[in-house]
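Number of protein chains: 2
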Amino acid sequence: MKPPPTDRTNGRAAPAARRRRPTIVDVAAAAGVSKSLVSLALRGDDGVNAATRARILAVADELGYRSNVLARGLVQGRTMILGVLLTDLANPYHTEVVAGVEDTADANGFTVLLAHGRRDRRRLEQQLDALLQLNVDGVVVISSWLEPQALTDAARRAPVVVVGRPPRQPAGVDTVANDDAAGAAAAVDHLARLGHERIAHLAGTARPASRARSDGYRATMRRLGLTHHTAVVEIGDASRHRAQAAAELLSGGTPTAVFAVNDMAALAVLDQAHAMGIAVPERLSVTGYDNTVLAETVRPRLTSVDQPRTVMGRLAVDMLLERFSGRTADRREVLAPDLVIRDSTASAPRR
Amino acid sequence: MKPPPTDRTNGRAAPAARRRRPTIVDVAAAAGVSKSLVSLALRGDDGVNAATRARILAVADELGYRSNVLARGLVQGRTMILGVLLTDLANPYHTEVVAGVEDTADANGFTVLLAHGRRDRRRLEQQLDALLQLNVDGVVVISSWLEPQALTDAARRAPVVVVGRPPRQPAGVDTVANDDAAGAAAAVDHLARLGHERIAHLAGTARPASRARSDGYRATMRRLGLTHHTAVVEIGDASRHRAQAAAELLSGGTPTAVFAVNDMAALAVLDQAHAMGIAVPERLSVTGYDNTVLAETVRPRLTSVDQPRTVMGRLAVDMLLERFSGRTADRREVLAPDLVIRDSTASAPRR
DNA sequence: CTGTTAGCGCATTCAT
DNA sequence: ATGAATGCGCTAACAG
Chain E
1 MKPPPTDRTN
11 GRAAPAARRR
21 RPTIVDVAAA
31 AGVSKSLVSL
41 ALRGDDGVNA
51 ATRARILAVA
61 DELGYRSNVL
71 ARGLVQGRTM
81 ILGVLLTDLA
91 NPYHTEVVAG
101 VEDTADANGF
111 TVLLAHGRRD
121 RRRLEQQLDA
131 LLQLNVDGVV
141 VISSWLEPQA
151 LTDAARRAPV
161 VVVGRPPRQP
171 AGVDTVANDD
181 AAGAAAAVDH
191 LARLGHERIA
201 HLAGTARPAS
211 RARSDGYRAT
221 MRRLGLTHHT
231 AVVEIGDASR
241 HRAQAAAELL
251 SGGTPTAVFA
261 VNDMAALAVL
271 DQAHAMGIAV
281 PERLSVTGYD
291 NTVLAETVRP
301 RLTSVDQPRT
311 VMGRLAVDML
321 LERFSGRTAD
331 RREVLAPDLV
341 IRDSTASAPR
351 R
Chain X
1 MKPPPTDRTN
11 GRAAPAARRR
21 RPTIVDVAAA
31 AGVSKSLVSL
41 ALRGDDGVNA
51 ATRARILAVA
61 DELGYRSNVL
71 ARGLVQGRTM
81 ILGVLLTDLA
91 NPYHTEVVAG
101 VEDTADANGF
111 TVLLAHGRRD
121 RRRLEQQLDA
131 LLQLNVDGVV
141 VISSWLEPQA
151 LTDAARRAPV
161 VVVGRPPRQP
171 AGVDTVANDD
181 AAGAAAAVDH
191 LARLGHERIA
201 HLAGTARPAS
211 RARSDGYRAT
221 MRRLGLTHHT
231 AVVEIGDASR
241 HRAQAAAELL
251 SGGTPTAVFA
261 VNDMAALAVL
271 DQAHAMGIAV
281 PERLSVTGYD
291 NTVLAETVRP
301 RLTSVDQPRT
311 VMGRLAVDML
321 LERFSGRTAD
331 RREVLAPDLV
341 IRDSTASAPR
351 R
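Going line by line, the protein sequences match chains E and X. According to the UniProt record's numbering, the residues represented by the first sequence are 1 to 351, in order. According to the UniProt record's numbering, the residues represented by the second sequence are 1 to 351, in order.
By construction, these hints were calculated from the structure, which means they are not laboratory data. Please read these numbers as outputs of a predicted model, since none were measured by experiment. Some hints could be false.
[Said to hold, decoys possible] In silico negatives: residues of chain E with every beta carbon more than 10 Å from chain X:
1. S39
2. H116
3. S144
4. H190
5. P208
6. V334
[Claimed, not checked] If you only want the chain E side, here are some residues facing chain X, beta carbon under 8 Å, derived:
7. A130
8. H274
9. V298
All C-beta atoms, glycine included, are put in the ideal place defined by N, C-alpha and C.
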C-alpha cells in the first residue's frame, strides 16, 4: 500500500494545474441563469424560453460541458452503466461475448465497463463488488467460477446475468448458455457420418461445460452403437499436459477421429499428430469446440462447434433490460450451437 | 434509448427485494456506537478502547460491511481505482499489458477497471470520459489512436500514461513504448547473420509503430549494404489483404527471408508459403513482431520480436504513482525489445 | 416561465 | 467518544 494520490483540486494551485471539468453551475454562471434552468434546457424540457435555451446550449457546448453520470445516478438511482465481469481477458471466447453485450448496451444508451478476474475466484468476487459499488445498473458475468451464493448476493444489489454454465443454478440470477450436449452430439454425428468408428475424446477439466460436453460425447457414442470409443483423458490447463494427453490418446486404440473438448485441446491433437507423422485429415480427423480465432488460424483449419457468442452477449443485456422493466422470475436460456466444418475433418481412412 | 431501470431501494417492497448493502450507520447502530467511532476503529485509530474496537470489528464482519469506494472517494478526493482504456480487447498484446498494470496496481492497493474502445476513436474518447467521470485516480491508455489533444485534456483531470506509440507526443501525459527501430534491426540482423540477403518486408498500415518498424528495416538493410531488399507492401487490416500482400511479396524478387511487421502478417506469409509449396524454414525464413500467443501456436513456431509487455504495464502504473506523489515533468520511456528465436528462421538456402 | 432550495448516497473529519 | 458539517454534481419540488 504505497502513498496514495495527494492532489486535491481545491486549495492553491496544484502542481499539474488539474482542471475541474465544467459543472452545471459553471454553465449556469456563464449563461447567467440558474442551474435548474440549465438542467431543464439540457434535457429538452418544454417550459424553457427558446432563446434562453439556445443560449444555454451554446454556452454548454462552448464550455464542453457534459453531465456527470455518477452525480445523476446519485439522484436518479440509476447510472446507465452496465458492468461486465470476466474470468479471463485473454480468452477470445469471452471477448466475443463482450462484443454482443456492447452492441445491445450501446443501442440502449448504456455504457459498458469491464472488470477482470484473472482466473481467480477471490478476485472475481472483489471485482464484482467493485462494479456494484459503482452503482452499475446491472452486471453480466462471463464466468462459471463464482459461487451461486456470491451471485445471488450480488443480484440483490443489481440484476445479474451469467453467461456460461454455473455449477448450480443460482437463485435470483438469469443465465445464458449454449447446449454443450447438443454441440458434442453435432460433432460426433458429423464424424460418424464420415464413416469414423474409433472416435476418441480429449476431455477437459472439471468445469461444468467440459463435463457436459463429455457427457454428450458418451451419450452420442452410445446412441450410435459405437462402443469402441477409445479413451477419455483428463487434461489440465498447462499446455504440456495437453500435449501429453494428446500423445496418450493417439497412441492407445489408434482412433481415426478425435472430438476435442475445445479448440486449444484440438490444437494439441493437431500438433501431436504432426509430430507422430499422422496426416490430418487424411488419416485423422479432428474437431474442436468454441470456434475461436484459433480454428481459423491453424493448419489445417479446424472444424469446430460454434457457440453463438455475440448473440449470447446481446441476449444477456436483453435480459438485464427485462429486469429493469420489472421482471422478477428467473430466466434461463440455452442456445443451440452450430458445427462449422473446415479442413480438419474428412472421410474415415479405409482399413 | 429504452426505458431505464426504475427500481428504487426506498419506497415499499421492491419486486426483487433489492437489499441495501450495510453502511457504516448500520454497523454503528448494531454496535451501539456512533458512526465516527466505527470509522476510527475500522481504520485502526489508536484512540479507540480495545474492547470497543473488538466489538465493532466483530459486528462489521458479521454484517459483511465493506466501506464504499465512491463515498470514501468523495471525501478523500481519491478512489483507489485505476482505469485502463484499450483499443481492442481481442488483441492479446493489449491484454498482456493489462496483466502488468494489474500486477502493480494490486501491489499498491488499487482496483483496476477496464474500458473498451472497439477500434473506434470516438468510442475511445467516450470511454476515456466515462472513466474520468468515475473519478479514477489515473488512467493507462493502451492505444495509439487518441488525439494528443484528447489525451492532454484528460491528463488535466487525472494522470494519464499512454502505452504504445502515439503519433505525436502529447503534453502532460507520460508514455511507455518499445523501441520499434531496434526491434526491426534485431530481426533483420538475425536474418543477415543466417546468410540471408534477399530479405523482404511485409509492412503494416500507417500506424506509427508500423512505420517505425519499416523505417528500422530500411535503415538496417542500408547499414548492412543489402540494396536488394525486395518489396514493401502496404497491407490493410483485412486478412484477405494480408494474404494478397504476402502472395505478391513471395512472387516478386524471390526473397529467402521475410521480416513481417507483426505476427498476424507473418502468419499470412507462412500460409502463403505453404500454399506455394515453399518450405519454411528450409527455403524461406520468416520473422514476426510482438511475440503473441500466435507465435507459439503456428507451425513452425514463429521467431518474433518480443515487447516486454508485462513490464510496460507495470512501468505505466509506476509512472502513475509518481504523478500521485507530485512529479510534474513528463516522462517518456522507451524499452528495448527482445528477439525470440524459434523454428521459422534458419540459414539461407545455398543457391 | 424562471429561480431557489433541499436533498440523493456514504464515509471522513472537525468541532465539541 | 460523539454529533454536525463536508465533500461531489445533479435533479425534483416548490416558490416566485
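Tested hints:
{"no.": "1", "hint": "S39", "result": "17 Å, holds"}
{"no.": "2", "hint": "H116", "result": "6 Å, violated"}
{"no.": "3", "hint": "S144", "result": "20 Å, holds"}
{"no.": "4", "hint": "H190", "result": "24 Å, holds"}
{"no.": "5", "hint": "P208", "result": "24 Å, holds"}
{"no.": "6", "hint": "V334", "result": "23 Å, holds"}
{"no.": "7", "hint": "A130", "result": "5 Å, holds"}
{"no.": "8", "hint": "H274", "result": "7 Å, holds"}
{"no.": "9", "hint": "V298", "result": "7 Å, holds"}
In this structure, only the earlier hint numbered 2 is contradicted, and the remaining ones agree with it.
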